[in-house]
Amino acid sequence: MLIYTLYLLLKGTTSKEDFRLLLTILLLQDNITILQEYLVKLFYPLFNSLELFSG
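Take the sequence shown: its position 2, counted from the start at 1, is 2 in this note's numbering, and no numbers get skipped.
I should point out that these hints are in silico values taken from the structure, not numbers from a laboratory.
Glycine residues also receive a C-beta, built at the ideal position from the N, C-alpha and C atoms.
Misleading hints may appear alongside valid ones.
Distance ranges between label pairs, derived from CB positions [stated by the list, open to error]:
1. S49 with S15: 36 to 46 Å
2. L22 with F47: 48 to 58 Å
3. S15 with N48: 36 to 46 Å
4. L50 with G12: 40 to 50 Å
5. E17 with L39: 36 to 46 Å
6. I32 with L10: 16 to 26 Å
7. G12 with P45: 43 to 53 Å
8. K11 with N48: 40 to 50 Å
Can you make the complete structure from the sequences, with help from the hints?
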């Protein structure tokens, strides 16, 4: 019901692709946060080593 209501509200202002993207982001928000935290932890040492070599 919530998804259908959201669709009706955004129907006139967004395309189907934009609505699908928004829906995907809302449904996978926890997974995206976990992925973001993982990527930050993965690349943090790399950025620190680049700062050491750049001066």
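Evaluation of the provided hints:
no.: 1; hint: S49 with S15: 36 to 46 Å; in the structure: holds, 43 Å
no.: 2; hint: L22 with F47: 48 to 58 Å; in the structure: violated, 31 Å
no.: 3; hint: S15 with N48: 36 to 46 Å; in the structure: holds, 41 Å
no.: 4; hint: L50 with G12: 40 to 50 Å; in the structure: holds, 47 Å
no.: 5; hint: E17 with L39: 36 to 46 Å; in the structure: violated, 25 Å
no.: 6; hint: I32 with L10: 16 to 26 Å; in the structure: holds, 20 Å
no.: 7; hint: G12 with P45: 43 to 53 Å; in the structure: holds, 47 Å
no.: 8; hint: K11 with N48: 40 to 50 Å; in the structure: holds, 47 Å
This entry does not satisfy hints 2 and 5, going by the numbered hints stated previously.
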